[in-house]
Amino acid sequence: MKAVIILGPAGSGKSLLSGALCYLLKDMGYDALILNLDPAAISYPYDAPDINIRSYVRTERVMRRFGLGPNGGLIASMDIAVKFTRRIKREIMSMRPEILIVDTPGQLELFVFRQAGIALLREAIMGIGDVRAMAIFLFDPYLCDSPSSMLSLLLLASSTFLRIKIPMIGALTKIDLLEDEEKNRILEMINNPRLIMASGELGGILSAIRGINPRAIKLDVWPISSVTGQGLDGIVMKIEDLLGEE
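Per the numbering used here, residue 6 is the first one in the sequence shown, and the count goes up by one each step.
If you're looking for bench data, these hints aren't it; they were derived computationally from the structure.
Hints may be right or wrong, so weigh each one.
As the list claims (entries may be wrong) - Cut-off 35 Å, straight-line C-alpha distance, at most; resulting in silico cross-link-like pairs (DSBU-like, lysine-lysine):
(1) Lys88 with Lys243
(2) Lys170 with Lys243
(3) Lys94 with Lys243
(4) Lys31 with Lys170
(5) Lys31 with Lys243
(6) Lys188 with Lys243
(7) Lys188 with Lys31
All values derive from a computational prediction rather than experimental measurement.
Whole structure, please, built from the sequences with the hints as guidance.
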């Protein structure tokens, strides 16, 4: 079984890609399912998730019960959700899809950088004996509008990779909303760190980071649109390449 974990900052299009990728995989003959790990999600840009963490914990109920705000409610929800990892794992194993698409919470930092989120991934998904897992980190083009913004996002992607410790590729989303010139500028900035290094002080920071970790800020990034489907076939090819065919 393969697992594809969709990660990225809030608003980058994680749920939209989860649905579009799942539909495409099904059209290609794969048995693909979606697991929703966002206890705060009340609607989805796809049919209802095949497996849903909200069957066990719902953020709005946690907020009411403990008098918490949105962020506190999500943190508490994730902590509670860890108690149900065995049940989620059993659901996955009972369905045994060829490819499991994992739709993660909107607030990346509350998921990847807290132990509860990592525990959910490792115990409920990667704890399945024969699973082969990878991640797709989404780059929102509207968060890539300057060298400093791009550096921040690349650092976030690198930190995410170091936390989850599985193969990861990148996807530049929403390219249907971009002019070709803007799309190419962003991709060039991602693929050619010298453009960031040329911005004075940022270059020194980038050089120091890459000196500590040679793999930092080095990611294959695919331009895609979950609305038009552009580039999704390349993502599928990368999934097959990284995780192998059945």
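Outcome of the hint check:
1. A C-alpha spacing of about 33 Å is found between Lys88 and Lys243, which places the hinted pair at or below 35 Å, so the restraint holds.
2. With a C-alpha separation of about 18 Å, the suggested pairing of Lys170 with Lys243 holds against the 35 Å cut-off.
3. Between the alpha carbons of Lys94 and Lys243 the distance comes to roughly 25 Å, so the proposed pair stays at or under 35 Å and holds.
4. A threshold of 35 Å between alpha carbons decides the hint, and for Lys31 with Lys170 the separation of about 28 Å falls inside it, so the pair holds.
5. Straight-line distance between C-alpha atoms of Lys31 and Lys243 comes to about 17 Å, which keeps the hinted pair within the 35 Å bound.
6. Restraint check for Lys188 and Lys243: the C-alpha separation of about 20 Å stays at or below 35 Å, so the hint holds.
7. The hinted pair formed by Lys188 and Lys31 meets the criterion: a straight-line CA distance of about 29 Å does not exceed 35 Å.
Checked against the numbered hints above, the structure violates none of them.
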